[in-house]
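A.B. asks: The primary structure of each chain is shown beneath.
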Amino acid sequence: MWQYILRRFTYMIFTVWIISLITFAVIQLPPGDYVSTMVSQMINSGMDELPPDFEQEVRAQYGLDQPIYVQYYKWMRNIIRDGEFGYSWIYRRDAKDIMVERLPASFAISAFSVLFIWMIALPIGIYSAVKQYSLADYTFTLIGFIGLAVPNFLFALILLFISYKYMDQAMIGLYSQKYETAPWSLAKFWDLVKHLWIPVVIIGTSGTAGLIRTMRANLLDELNKPYVDTARSKGLSETTLLWRYPVRHALNPFISTIGWILPSLIAGELIVSIVLNLPTSGPVIFNSLMDQDMYVAAGFILILSTLTVLGTFISDLMLALLDPRIRLS
Amino acid sequence: MTTPLLEVTDLKIHFFTDEGVVKAVDGVDLTIERGKTLCLVGESGCGKSVTSRAFMQIIRKPGKLVDGSMLYRFKKDDGTDEIIDLAKLDPKGKPIRQIRGQEIAMIFQEPMTSLSLMHTVGQQITELIRLHTGATKHEARNRAIEMLQRVGIPKPDRLIDEYPFRLSGGMRQRAMIAMALSCNPTMLIADEPTTALDVTTQAQILDLMLELQNDYGMALLFITHDLGVVAEIADDVAVMYLGKIVERSDADTIFNNPKHPYTQALLRSIPKIAMQRDELEPIKGMVPSPFRRPVNICQFQPRCNQRFEACSRVEPVSTLINENHSVRCLLYEDVAAVHQADTEAVAHG
Ligand SMILES: Nc1ncnc2c1ncn2[C@@H]1O[C@H](COP(=O)(O)OP(=O)(O)OP(=O)(O)O)[C@@H](O)[C@H]1O
Ligand SMILES: [Mg+2]
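Heads up: the sequence lines are chains A and B, in that order. To convert a position in the first sequence, counted from 1, into my numbering, add 20. For the second sequence, position 290 (counting from the first letter as 1) is numbered 287 according to my numbering, and the numbering increases by one without interruption.
Hints are computed from structural coordinates only; laboratory data are not their basis. It cannot be assumed that every hint is accurate.
With a straight-line Cα cutoff of 25 Å, these simulated BS3-like cross-link-like pairs (lysine-lysine) come out [to be verified]:
#, chain 1, residue 1, chain 2, residue 2
1, B, Lys85, A, Lys151
2, A, Lys151, B, Lys91
3, A, Lys245, B, Lys91
4, B, Lys61, A, Lys245
5, B, Lys73, B, Lys58
6, B, Lys58, A, Lys245
7, B, Lys20, B, Lys73
8, B, Lys61, A, Lys151
9, B, Lys58, A, Lys151
10, B, Lys89, B, Lys9
11, A, Lys214, A, Lys185
12, B, Lys89, B, Lys20
Using the sequences plus the hints, can you model the full thing?
C.D. replies: Right, dumping it as structure tokens:
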């Protein structure tokens, strides 16, 4: 058991490290850097007389003239040692401050999406399997396919349109006005929760559809296993026996799916937030990538990826708790 | 003749599949006596498992019990008998659930998959005990340990907290038996309980079951296609072919004086008995596809070495050739008539 956890934990650390490497490398990939973006902006805005070694100086000032591995080393060192994520050239603030401002809403949306998905997918998946080929099963399947097929951004646009047209109020934003700039508090969090359901529903729908299929298929497999006959031959009622045996077994792969659901949730959150203009990480990441504001982009991507990996780690732990075969091996 | 514990008449179970209707059990008559062992034998796929599952109403989809009665003589607390037709009970209802596990218990073929690997042996046994006896957790646990000890499991107080995947096949099957017997059932169904085990373990489990039957006095329906096992344990034998019982009698009669050509062929096909006579021979021909079973003629006729012209025209009925021996074969329908005439003559005296 502990060995299993230790092994998973080691994988997790290793994965995060690889992710940090890739993130840093990918952000450097586009030609030019922030300084060249800045220079061209200055020229565009009418400044034609720049000192000849201006570019060089700025680069040196930001450490951009050093080899990429040195830059990477310094970046990681500052994160690990001081919790500093570098400086945002666009916002002219510490990247960390922007992240503290934006990330909680992203976490909240993702976490609530997971809850939403589970709460819907689990009972419907079980019901569809038990009543296989019933009208309800077919209906859920149909709705599920629609949910899978409609892209998040389209779904968001449709909701946006409906809310403009029929509710006199756009379902945009995450906070009421009075909390918009207020510091974090319980009241602000509650306000957030009240606004959260729109992005949560949009992001959660496709995941729900997928997970209903998973749960239904898992359970259908389990329902015909001999241990179910054994349980039935004891005289247990159908409901007791369903929850105690096949559902318990079917939960296993269901929990493993958190691993693949989290990244798609994060990606979904980014897109939906851009469309609905939510004050989460999405728009910031998008802009920082466009403008090569590399420390902001790298910081966000690193934290979000780490959280995804952490989610997978938690699902591994839950698996171990649930399944004695993993726990005892 | 004593009053039977279970009297099955004209039991029919059909599977309604997309490809057509499979008549897996097609008019089975059986009686099981209190405290006796009935062996149900027959080739793979002839419907033994489906028949036995019907007694507990645990037939799998798309199977349906379409006809027949299963009269179960239930002994009430005050000592009187109540006759329950198991066929009429709702498979999800309370009455059948009270019979399952408590009156009729079942041991399945696959000890590897018949226990849940996610629950400890103890959880699975105490659950049954508590369900039917209302025992406390503690009492149920003690009872479970006692049962595990009884079936010959070493260190039962340790093993009770083990998960089945940490046990050998033989140990699992012992745990299965302990579970099945933990509520003192009146009847035990064992569906090929030793097929999945190695030969040594097979013999041990078989001995154990015989011993337990002696101690607990339950009726045993033992399903197997191993006639060697049958010779060892059976009081009565029913031979099944394609969803019907083709011959039925006490074990002595079946082994020494088999009447149905199929029974005779079966006996010739087992090494232990046939070898001495140097005439081991497998039954020729194949079991026909379940969708293409001949109707209204003798089912066994295509493979029969004693068939005659009428066999492909007339469907034989089950005939009593003496009071404890019935055969479903045209060869004996005249004999039965004669027997009947004889008894009538005696009666008229
Ligand atoms: N789920 C099912 N769908 C369709 N037909 C089925 C189903 N289950 C059983 N049958 C039919 O019932 C017949 C009898 O099956 P059963 O399991 O009772 O055989 P058996 O005598 O126990 O054989 P074995 O010795 O292999 O256990 C099979 O030939 C099969 O055609
Ligand atoms: Mg079988």
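A.B. asks: Run every hint past the structure and note whether it holds.
C.D. replies: Okay, the hints, checked on the actual structure:
| no. | hint | result |
| --- | --- | --- |
| 1 | B:Lys85 to A:Lys151 | 23 Å, holds |
| 2 | A:Lys151 to B:Lys91 | 21 Å, holds |
| 3 | A:Lys245 to B:Lys91 | 23 Å, holds |
| 4 | B:Lys61 to A:Lys245 | 19 Å, holds |
| 5 | B:Lys73 to B:Lys58 | 32 Å, violated |
| 6 | B:Lys58 to A:Lys245 | 13 Å, holds |
| 7 | B:Lys20 to B:Lys73 | 35 Å, violated |
| 8 | B:Lys61 to A:Lys151 | 17 Å, holds |
| 9 | B:Lys58 to A:Lys151 | 12 Å, holds |
| 10 | B:Lys89 to B:Lys9 | 19 Å, holds |
| 11 | A:Lys214 to A:Lys185 | 21 Å, holds |
| 12 | B:Lys89 to B:Lys20 | 23 Å, holds |
Hint compliance for this structure: hints 5 and 7 are broken, all remaining hints hold.
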